[in-house]
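Q: Mind docking chain B on chain A? Use the hints.
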Amino acid sequence: MSDPRSIIEELIEKCLKKYDKTHKNKYEEYKGEIISKLFKAFGNPTNINYKCTEDPRISGTSHRVDAYIDTGTNKYALEVKLCLDTGVSLAKNLFRKVVKTLENLKINDMITLIIIIPEDHLEDAKNNLIKYITYTVNEYIAYIMNKNIKLGPDDFVIQYQIESPLMTVRPKRHYTDFLKMLQKYRIKEITLLPV
Amino acid sequence: MIGIKILKPRTGLMPRSYRRISTALGLALAIALNRIGNFKVKEACAWRGTPDVAIFRCDPVNIELGRHVNTDLAGKIAEEFRKKRWDGITITLNGELGKAKLEVDIDIYANEYVPLRVGITNERLEVLAEPRGYIDDEVIDNFYELFDLEYDNMRAVIEELTAEMHFVELKVATYTGVRTYTLSRATARIIALRNYSFTPEDTIPLWYRPWARQVARTLYTLTPPGLGRLVGHYGMRRIVRDIAPELRKYLERYYIVTLRPDENAIQLIPRASSPSTQNHRKAITELREILTEAMKKTAREGAKRIIQEKGYIDWQEYIETLEEELRQRLT
Chain A
1 MSDPRSIIEE LIEKCLKKYD KTHKNKYEEY KGEIISKLFK AFGNPTNINY KCTEDPRISG
61 TSHRVDAYID TGTNKYALEV KLCLDTGVSL AKNLFRKVVK TLENLKINDM ITLIIIIPED
121 HLEDAKNNLI KYITYTVNEY IAYIMNKNIK LGPDDFVIQY QIESPLMTVR PKRHYTDFLK
181 MLQKYRIKEI TLLPV
Chain B
1 MIGIKILKPR TGLMPRSYRR ISTALGLALA IALNRIGNFK VKEACAWRGT PDVAIFRCDP
61 VNIELGRHVN TDLAGKIAEE FRKKRWDGIT ITLNGELGKA KLEVDIDIYA NEYVPLRVGI
121 TNERLEVLAE PRGYIDDEVI DNFYELFDLE YDNMRAVIEE LTAEMHFVEL KVATYTGVRT
181 YTLSRATARI IALRNYSFTP EDTIPLWYRP WARQVARTLY TLTPPGLGRL VGHYGMRRIV
241 RDIAPELRKY LERYYIVTLR PDENAIQLIP RASSPSTQNH RKAITELREI LTEAMKKTAR
301 EGAKRIIQEK GYIDWQEYIE TLEEELRQRL T
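Protein sequence lines correspond, in order, to chains A and B.
For what it's worth, the working numbering labels the leading residue of the first sequence as 1, then goes sequentially.
For what it's worth, the working numbering labels the leading residue of the second sequence as 1, then goes sequentially.
What the hints contain is simulated information worked out from the structure, not anything from laboratory work.
Values in this document were obtained by computation on a predicted structure and should not be read as measured data.
Keep in mind that the hints are not guaranteed to be accurate.
Claimed, not checked - Derived lysine to aspartate or glutamate pairs resembling DMTMM-like cross-links, with alpha carbons at most 20 Å apart:
hint, chain 1, residue 1, chain 2, residue 2
1, A, K126, B, E123
2, A, K24, B, D148
3, A, K18, B, D136
4, A, K100, B, D141
5, A, K21, B, D148
6, B, K101, B, D59
7, A, K100, B, E123
8, A, K26, B, D141
9, A, K184, B, D59
10, A, K26, B, D136
11, A, K14, B, D137
12, A, K24, B, D137
Unchecked claim - Which bits of chain A does chain B cover? Going by a derived footprint, with three or more residues having C-beta under 8 Å, they are:
hint, segment
13, 41-54
14, 61-75
15, 131-137
Backbone N, C-alpha and C define an ideal beta-carbon position, used for all residues, glycine too.
Excised from the complex, chain A in its bound form (with noise of 0.2 Å):
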């Protein structure tokens, strides 16, 4: 069996960066610590299975994430977004992408969604994040639950681990309504890794 880091550097090399050609450079810039705390994100695997799930004979022209990742013990779609200099966009159709590709693979798991970005633009992606899970979670409830709760950008807080560099977002109150969303768009966390 090969080394799991080996396969992550594979991943970044056969997947995110074949299919991101404008980025190409950013990835050689960040390749060493994306596999490094990918490798603790996963809580240390021996064993990783992935799909290039941009690749359009998995895809065709449907929305999709960047990757998806099974250790066998968790099941992780990745988004990379190691450009945000100007460019926000971090989660326009974020959720339609997860459920499209879990789709396309005929996956009937959860999965947790890890969102990689560059540690200096933490701030924006954190905010710029938060506002658009913001507004889908209210209409989400008002609209499909019919209750009548309203959150704010204030309401979600970024939960930092100790054992692991991913950081969660999660809500401070309605946190049942919240994984009742989630679940519906087949997540198990909003998980940040900046690198």
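A: Relative to chain A, chain B alone:
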């Protein structure tokens, strides 16, 4: 991505008319794509909050792409926007543009602040189109790269879009009465973006109106902030107006420029080369250098000369000196 921004007249726009224009522009883009490629409406959903809510609750919107923009349909959708408190509509088109197999999401927002508020872009926009697809093994996720891969078709799409914008006339309610506008009169900017980046290098300008004002806006972002502030937005506008002929000649080197003097508008398409976006990047990089150099020189020598001659520095003379510097460098 292709982003479209509406130009609000000074007399203001009633909300319903504003949305009618947004919807008509979205439809015009869909029709332009349909004329050149072969696109069909896969689905059209209205949503509240963010487009992702529509996965589970899609308010279907009945959209048929005819030969031209159906202004009645645009009116009807604008009315529904208000009644049902929609935040936006996403029209998904499915088809081919040359060799590219594409799915295009055209988002029409209820107002310019929607994409800003939910964190989709960091500039105000009314219409945003995003392609997804592939040519053989190559993945396509923005219109910017399509200019390299399918130049002729993209050029034709933009030409068809501007033609449609000039064909469609809408009755628009402003706060001083009802006017009839062509769509082109109500369009400020059309831009092709690379990965939602609004830096000038990644943003191909396709339509600017009033062009001096829009170009000034771009030039201002190109200057180093400290030097730019000496001139100011107003000063930049004044400079562009004064050196318009030279600037146009400069742009003609890199873009196919169609000037519409009656509308004060300009249509730009990067010249064909391989790749054609290189022309655009070259134009912007060179312009950035020219501006920085001219501004540095004016702040250094020009300002000194004015002070020696007059004893003090004033805005008018400073701007005129800078104009002279720019004129020399642009030609």
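Q: Hint numbers the structure violates, sorted upward?
A: Going through the list in order, the structure violates hints 6, 7, 10, 13 and respects the others.
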